[in-house]
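Trainee: Top to bottom, those sequences are chains A and B.
Sequential numbering of the first sequence, starting at 0, is according to numbering that gives the first Met the number 0.
Sequential numbering of the second sequence, starting at 0, is according to numbering that gives the first Met the number 0.
Hints are computed from structural coordinates only; laboratory data are not their basis.
Take these hints with a grain of salt, some might be off.
Below, a list of computed lysine-lysine pairs in the DSS-like style, where the Cα atoms sit at most 27 Å apart [said to hold, decoys possible]:
1) A:Lys331 with B:Lys3
2) B:Lys12 with A:Lys110
3) A:Lys301 with A:Lys291
4) A:Lys260 with A:Lys164
5) B:Lys50 with A:Lys325
6) B:Lys5 with B:Lys50
7) B:Lys12 with A:Lys291
8) A:Lys111 with B:Lys50
One-sided excerpt, in silico: chain A residues whose CB lies under 7 Å from chain B [claimed, not checked]:
9) Gln98
10) Thr105
11) Thr294
Cβ coordinates follow ideal geometry from the N, Cα and C atoms, glycine included.
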Amino acid sequence: MNTNPPVTDWVHDWDHTDPQWTEDPFPIWDQLRTTSPIVHTDRYLGCYLPTTYEAVRAIANDTEHFSSRRIIVRNVRPENPAPTPPITSDPPYHKPAKQLLLPPFTPDAMKKLEPRARAICNELIDKFINDKSVDAAAHYSKHIPVRVIAHMLGIPEDDGHLFIKWIHEILELGIHDQETLVRAATEMRDYFIVHVEDRKKHPTDDLISVMLNAKTKDGEPLSPEHVIGSLRLLLIAGIDTTWSGIGSSMWHLAKTPADRKRLVADPALIPTAIEEFLRAYSPVTMAREVMKETTVSGCPVKAGNMVLLSFPAANRDPAMFPDADKVIIDRKENRHAAFGLGIHRCVGSNLARMEMQVAVEEWLKRIPEFSLDPKQRVTWSEGTVRGPRRLPLILGAA
Amino acid sequence: MAGKLKVRVDPDKCQGHARCKSLATELFELDEFGNAHEIGDGTVPAGLEDKAWLAKSNCPELAIDIIEE
Chain A
0 MNTNPPVTDW VHDWDHTDPQ WTEDPFPIWD QLRTTSPIVH TDRYLGCYLP TTYEAVRAIA
60 NDTEHFSSRR IIVRNVRPEN PAPTPPITSD PPYHKPAKQL LLPPFTPDAM KKLEPRARAI
120 CNELIDKFIN DKSVDAAAHY SKHIPVRVIA HMLGIPEDDG HLFIKWIHEI LELGIHDQET
180 LVRAATEMRD YFIVHVEDRK KHPTDDLISV MLNAKTKDGE PLSPEHVIGS LRLLLIAGID
240 TTWSGIGSSM WHLAKTPADR KRLVADPALI PTAIEEFLRA YSPVTMAREV MKETTVSGCP
300 VKAGNMVLLS FPAANRDPAM FPDADKVIID RKENRHAAFG LGIHRCVGSN LARMEMQVAV
360 EEWLKRIPEF SLDPKQRVTW SEGTVRGPRR LPLILGAA
Chain B
0 MAGKLKVRVD PDKCQGHARC KSLATELFEL DEFGNAHEIG DGTVPAGLED KAWLAKSNCP
60 ELAIDIIEE
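If we strip away everything but chain A, and leave its shape as in the complex, we get (with noise of 0.2 Å):
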């Protein structure tokens, strides 16, 4: 449970799981941003947060000051009990064990992939076309990542619920309660070893017999905790993630109908439109832990620190992006960092366009009238994915 006290001075003590935070983030960060390019708080053990594009791009550059070792802000710093590859990892380990997983998430093979994502959009639709109002998040953003990267891992599409509760527990109640962290860490590991020993006896093509196959660069198999820890990545990086990004696009939609008129009328913006959704409601905040001091944009860092890396912050800012606060569909140069900068750029961001794309498109085109339900409340995840996860919606016309 989150027990910190509320923030009454965000430039010297901010919290990003402050409600204020949570409900509305972009205020605060333009409000630390005109302050200083780098913030910090003692909160968390000690935390810096860069607020500036050219902050965020130097810190995630620079693998010799900032460690990737810890890659959530917490209350507590344990030593790493379970390190997720490459994710978790700094160079020289980083690269040969990202490069196992570049393969089977190149745009080619999303293409392959997309025909069972736009089934399962088309699926999920179906269920709620003739009522007049539905969960969003819940009925539909949510399911297409789980279900896509379950078809990718080769695990039952049917066992979501259960990863999808140890997301909030890994992302969300971990960050103040360590030992539901190390719970739901044990009973992950747990599930994947099962499905790893059945791949040992009947090899197929998916993630699981990829990873099973993969060797060092001494020709080794990968060792259990290496293949365990990457395969827990996929799953927690490639859902609430992709759910996120899916909700806000969907929640800028709803409130917005020129937008959404204009992307019914003309589908071929919505590749772009869903740049700039990713730039203007970046779901995903890294971070580091400072390993040696430095200096930032002309501040100083020092070791023992956290770094709250906010790509959504930097994606906000305006000295990069002009009307940075403004939500322009066709944007036409969109550098956003929303699926990071430097090596740790994410491995699935083509899945997640791919996914982001054909769910705006199914809805869209079945779905072209919708808005908020203005008697419901939307809320918002906490912490380090940020996402709408009640999205309540009146279908058809208001």
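With chain A's structure known, arrange chain B on it following the hints.
Mentor: Relative to the frame of chain A, chain B by itself:
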């Protein structure tokens, strides 16, 4: 009429965001890891200049150079 353009991807900067491939598929291709490189010697055929500039202005790693000859 401006001179000929050539695109070039810096392989040390490219991290495989694949924006260039998506925006200018005639000018860029991806290797087995999804990292980009220019097709052939990077010469931009007439009529594709806008796509070259679009790809450059959407690369998050600033990995694309355009050389005007």
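Trainee: Next step is simple, just say for each hint if it's right about the structure.
Mentor: Structure-based check of each hint:
Note on Lys331 (chain A) and Lys3 (chain B): the hinted pairing holds, with a Cα-Cα distance of about 23 Å set against a maximum of 27 Å. A distance of roughly 26 Å separates the Cα atoms of Lys12 (chain B) and Lys110 (chain A); the hinted pair therefore holds under the 27 Å criterion. Between Lys301 (chain A) and Lys291 (chain A), the direct Cα distance comes to roughly 7 Å. Compliance with the 27 Å bound is thereby established for this hinted pair. Between Lys260 (chain A) and Lys164 (chain A), the direct Cα distance comes to roughly 36 Å. Violation of the 27 Å bound is thereby established for this hinted pair.
Simply put, Lys50 (chain B) and Lys325 (chain A) have alpha-carbon atoms about 25 Å apart, close enough for the 27 Å limit, and the pair holds. Of the pairs offered as hints, the one joining Lys5 (chain B) and Lys50 (chain B) holds, with about 12 Å between alpha carbons and a cut-off of 27 Å not exceeded. The hinted pair formed by Lys12 (chain B) and Lys291 (chain A) meets the criterion: a straight-line CA distance of about 24 Å does not exceed 27 Å. The straight-line distance between the Cα atoms of Lys111 (chain A) and Lys50 (chain B) is roughly 26 Å, inside the 27 Å bound, and the hint therefore holds.
Annotation: Gln98 (chain A) was flagged as interfacial toward chain B, and the flag holds, the nearest CB pair being 6 Å apart, inside 7 Å. Annotation: Thr105 (chain A) was flagged as interfacial toward chain B, and the flag holds, the nearest CB pair being 4 Å apart, inside 7 Å. Nearest Cβ of chain B to the Cβ of Thr294 (chain A): about 22 Å, over the 7 Å cut. The hint is violated.
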